[in-house]
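> Residue strings, one per chain:
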Amino acid sequence: MWPSDADLVRRARDGDPAAFEALVDRHYPDCLRYAFRMLGDRADAEEAVQDAFVRAYRSLWNYRERDQFRVWLLRILANRCRTRAAAARRRLRHLEAFAASVDRTAVAPQPNGGFGRAVQRALAALPVEQREAFLLKHVEELSYEEIARITGAGLSALRMRVKRARERLAALLEAYRDD
Amino acid sequence: MTDRDPLLDRVIAELKQPIEVDPAARRRLLDAALAGSRRRPAAALLRRLSPVAVAAAAGIVLVVLAGPGAERERGERWTTPVRFALAAPAARGVALVGDFNDWDPDATPLEPVGSGDEWAVTVRLRPGRHAYAFVVDGTQWVPDPTAALAPDDGFGVPSSVIVIPERM
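First to last, the sequence lines map onto chains A and B. For the first sequence, numbering that gives the first Met the number 0 begins at 0 and goes up steadily by one. For the second sequence, numbering that gives the first Met the number 0 begins at 0 and goes up steadily by one.
Do not take every clue at face value.
Footprint (simulated), chain B over chain A, 3 or more residues, beta carbon under 8 Å [unchecked claim]:
id : segment
1  : 10–23
2  : 27–36
3  : 39–45
4  : 48–59
5  : 130–138
6  : 169–176
Derived from the structure by calculation, the hints contain no laboratory data. Remember, predicted model here, so these are calculated numbers, not experimental data. For glycine and all other residues, C-beta sits at the position ideal for the given N, C-alpha and C.
Excised from the complex, chain A in its bound form (with noise of 0.2 Å):
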């Protein structure tokens, strides 16, 4: 029989390691595809995702049965990911500081990698609050209720932040549309 969540958290505070292998392997793949959506780095995305899962089983304790655990994990994930979303801009703001002291002509443009990789450049394009809601909403189809347990934002907000992400991401990729 497929254990449910909440019998391998029980498990796992119980000092079962299995079970919290079972946890890992059962969440791990939309955790990476969340932090790897919201970062748009491989390498930052896996640290993220074990940032997370260390913090969770550090905080099995805390973790409250009625709540479930896929939503109380991505409100972690989602912490890690917005830090780090964060220190990325910070950097960003300092390199282009740092211009004037690098040859450009060594960040030569991507080639076009097609679609995918145009979808993952317009969903950088969007600010960090709205790709954190459009995700949650649209890839992980999270309702609007679990949402705002995980970001802490009203529903009303929520609700515009989705639908701004929507209207800016059609835009952006407006030169799909007849493909």
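Assemble the complex: chain A is given as a structure, and chain B must be docked to it using the hints.
Structure of chain B alone, referenced to chain A:
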């Protein structure tokens, strides 16, 4: 109800594509989470101990596990001292920037060593992969010539990478 847009349906289908899991990354995750608690997670132990016993146990853990140079940061993860050095004889100032200090060129200045040909600083890093670089005279971005280059992350300027292992 949201109006359907075929373009956005296609975007969402693309974003739902799974990202291939690297077994090595999964292994690192499990090692990091389960390190030091192979038999039982800390939470399970703490729930079974009285507050006095918890405090005493924490002291014991620090004494037992704190090897040379290793420290635990507010009961969180272990940090390891790492010396960063750059030969820059003509420099007026060198700073270390990395994801551990939010790439802030004012946060971690290096000090001249000996005759001043070399600049160095020691910082404590948590386990994991850290990207970093040096900033010379506040204007030049220089990767560490003694370290591996980080993969291109789209910023267009090379940085170096160091990996701090988890303490087992």
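> If you look at each residue in the segment 10–23 of chain A, do at least three have a Cβ nearer than 8 Å to any Cβ of chain B?
Three-residue rule met by the segment 10–23 of chain A, so holds; n is 8.
> Counting residues of the segment 27–36 of chain A with a beta carbon closer than 8 Å to any beta carbon of chain B, are there 3 or more?
With 6 residues in contact (Cβ-Cβ under 8 Å with chain B), the coverage given for the segment 27–36 of chain A holds.
> Counting residues of the segment 39–45 of chain A that have a beta-carbon nearer than 8 Å to any beta-carbon of chain B, does the count reach 3?
Contact hint for the segment 39–45 of chain A vs chain B: holds, 7 residues under 8 Å.
> For the segment 48–59 of chain A, do three or more residues have a beta carbon lying closer than 8 Å to a beta carbon of chain B?
With 9 residues in contact (Cβ-Cβ under 8 Å with chain B), the coverage given for the segment 48–59 of chain A holds.
> For the segment 169–176 of chain A, do three or more residues have a beta carbon lying closer than 8 Å to a beta carbon of chain B?
holds (count 5)
> Examine the segment 130–138 of chain A: at least three residues should have C-beta closer than 8 Å to a C-beta of chain B.
Our answer is that it holds, as 3 residues pass the Cβ test (under 8 Å) against chain B, meeting three.
Hint compliance for this structure: no hint is broken.
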